[in-house]
Structure formats: structure tokens, C-alpha cells
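Which chain is which? The protein sequence lines are A and B, in order. For the first sequence, our numbering gives the first residue as 2, with consecutive numbering after it. For the second sequence, our numbering gives the first residue as -19, with consecutive numbering after it.
Hint data in this document are derived by calculation from the structure and do not stem from the laboratory. C-beta: ideal position from N, C-alpha, C; glycine also. Among these hints, one or two may not hold up.
[To be verified] Below, simulated BS3-like cross-link-like pairs (lysine-lysine); rule was C-alpha separation at most 27 Å, straight line: (1) B:68 x A:96; (2) A:159 x B:50; (3) A:96 x B:-15; (4) B:68 x B:79; (5) B:50 x A:96.
[Said to hold, decoys possible] Okay, the calculated beta carbon distance ranges per label pair: (6) A:151 x B:15: 36 to 46 Å; (7) B:28 x A:189: 48 to 58 Å; (8) B:70 x A:149: 37 to 47 Å; (9) B:15 x A:72: 40 to 50 Å; (10) A:179 x B:42: 19 to 29 Å; (11) A:156 x B:-3: 47 to 57 Å; (12) B:52 x A:173: 28 to 38 Å; (13) A:54 x B:45: 25 to 35 Å; (14) A:179 x B:50: 42 to 52 Å.
Here is what each chain is made of, one letter per residue.
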Amino acid sequence: MSERIIHPAVLALSTALHFPLPEQGPDLDIGFAQALAVWMLESTAPWPDAVAPLMAELLALHRRDSQGDVPTPAEWQQARQQTQLLQTAEDDLLKALIQVSEAAAWPISAGKSGLTELHTAAAMVQASQASRATGWTREDNRQAFALLNQLVVGEDGKQRPRDEIPALFAKTAPDLEPRFTRQLRASNNAFIQFSQTLRDRLAAG
Amino acid sequence: MSTIKTIGDDDFAALEAQTGDAPLLLIFSAIWCGPCKAMAPTLEDIADVYTPSVAFARIDIEQAPGLAEKFGVRTVPTLVLRRGGQDKLRHVGVLTRTKLAAMMDEACQEPQA
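Chain A with its partners taken away, still in its complex shape:
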């Protein structure tokens, strides 16, 4: 039986997902890797106006790449330059999308990190969208972290034991804490779910 072909980018992704690939199974070659990249990029839509044109351009580059209409190195280079023109954002969703754009500004065939970077960034987008869907806002986030940063240090000026902080947070901010916890669970679940979907796709081939 011939050996299974696994592209280095797919192998790196399987390692990052703690999902060892069995010796036997369908080939997970460059075509599979490129299709996975397209799927991950599509999963991050819809995009806010600030990044939509660049994201659409990156998606088009990856679609062409996967269809054999290989973009030139200059086109990828130009895409990378455009990602560097995006403003650093305070907004978590925008921040994650900028990371997606940076991760997607390379052909998957160039090296082994294309899929691992895309996975992390795209999963962060899912997490951020799930957090927002609970009604959690940027202002809520700012308030919560300002308070948590205060609670980290005790009245004696020493670092408070980590396990004391959740109860103290709930006592200090009884309205904010349950909403914080709900959005955090939703966010974590979305990240985990996205990673599981990728594992399923690796398993299916």
C-alpha cells in the first residue's frame, strides 16, 4: 500500500489540534490544505467594513490558488502590505480579523504555518462573535478587565491567590459577573467547537 500524502501545513495543524493523523487514510495534500484555508476564511464572514475589501481579496487569492490559477508572488506581497495598513484595533473582533488577514496573506504552499495561523485567528473570530451574541459589549469588557486588574492585587499590595478572584468579582460586580461568565463560556465553546470541526474535517479527509 502506498504511503499517505500529508502536506506539512496539514501535519502542523494536526499537531496544533492534538489530533494525530493515522498512517492510513485519504491523502491530505496541498489541494486539501488549500480547500481548508478557503473554508476557514469563509467561516470568518460577514466582515465589518474596515476589513471587508481586503478579506474579500484574500479569499479570492486563496480560491484562485485552490483552483490552479496560482497568484503571483507580487500579488501575495501586495496583500501582505495591505494587511500592514490596517489600523490596530481595540475591538476584539476586528483585532481577530486583522490576524486572519495577516495569516491569510501567504499561499498555503509556502511553508507549514499557513493553516495553524489561520486556525488560531479564525477560531478567535468565532469566539469573539459568540461573546458578542450574548450581548457583551466593548464597554462591558473594558469595565470587567479594569475591575479584574484591581482585584488581582490585595489590600496588602500583594498578589491575591487566583482562586479567590471569581468569588470576589461576583461580590464586587453582581450585575457584571454573570454576564461576563456567560460570554466567556460562549466564547470558549465557540473556539473549541471550531477546532473540533477542523479535527472532523481532518478525519474525513
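Knowing the structure of chain A, use the given hints to seat chain B on it.
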């Protein structure tokens, strides 16, 4: 095969002497550090492209505590870009390949004083 060598406390002086005027990227990491593991393929891709214009060295802060202390590393991953025996840039946390490539391009273009 990775072009990033792992160095210990006793290897740094020789590595820096060997590197000469070329940029040297020190990558401080730890075996238990998830973000360090996530960033490993990115760093290998960058090293594959920029070696030998840039030298790369990975330092496990538990295996080389002297170097971690020398460079004041308290969080991993930490990247320290050196040139001519001086720190030129420091970044704490994960970086994308795009950001790292921009950093390497700048380091390679910068004239040595």
C-alpha cells in the same frame, strides 16, 4: 529540518561572536507554553526564508535560566532581536508570519552602525 538551533546558557557568547554583524533573533520559550508551541511552525517558516541573513536561536527558559535572567524575560514567548551585540527590538507574545517577516525585512535593511 528546523534551522533554529536551541542554545543553553553556555552557548550564547559563541553564537553572538559567530553571528557577527548579522541580526540575531532570540526566541525565549518553555516546554509548557501553549502559545510558544502554536508559534513554532511560523518561526520555522521564517527561519527557512531568512537564514543565513538572520541567525535564529531558541532558548528554553527553564533549561537556560541564566539567559532568561540576562535578558529580563518574565513571560514567554518573548522575542529579542539583536544586532551588533545590542537589543534592537523586543516583543512579548505571539506574532504572525506577516509581522515577523516585516520585522526581519527591516532588520536586514537597517545599516549597521
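How the hints compare with the structure:
1. B:68 x A:96: With Cα atoms ~26 Å apart, residue 68 of chain B and residue 96 of chain A stay inside 27 Å; holds.
2. A:159 x B:50: 26 Å, holds
3. A:96 x B:-15: 32 Å, violated
4. B:68 x B:79: 16 Å, holds
5. B:50 x A:96: Roughly 33 Å separates the two Cα atoms, so the pair is violated.
6. A:151 x B:15: 36 to 46 Å: With a Cβ separation near 26 Å, residue 151 of chain A and residue 15 of chain B fall outside 36 to 46 Å, so the hint is violated.
7. B:28 x A:189: 48 to 58 Å: At roughly 34 Å between Cβ atoms, residue 189 of chain A and residue 28 of chain B fall outside 48 to 58 Å, so the hint is violated.
8. B:70 x A:149: 37 to 47 Å: With Cβ atoms ~26 Å apart, the hint is violated.
9. B:15 x A:72: 40 to 50 Å: 30 Å, violated
10. A:179 x B:42: 19 to 29 Å: 39 Å, violated
11. A:156 x B:-3: 47 to 57 Å: 51 Å, holds
12. B:52 x A:173: 28 to 38 Å: Because 34 Å falls inside the window, the suggested range holds.
13. A:54 x B:45: 25 to 35 Å: 48 Å, violated
14. A:179 x B:50: 42 to 52 Å: 46 Å, holds
In summary, the numbered hints that this structure violates are 3, 5, 6, 7, 8, 9, 10, 13.
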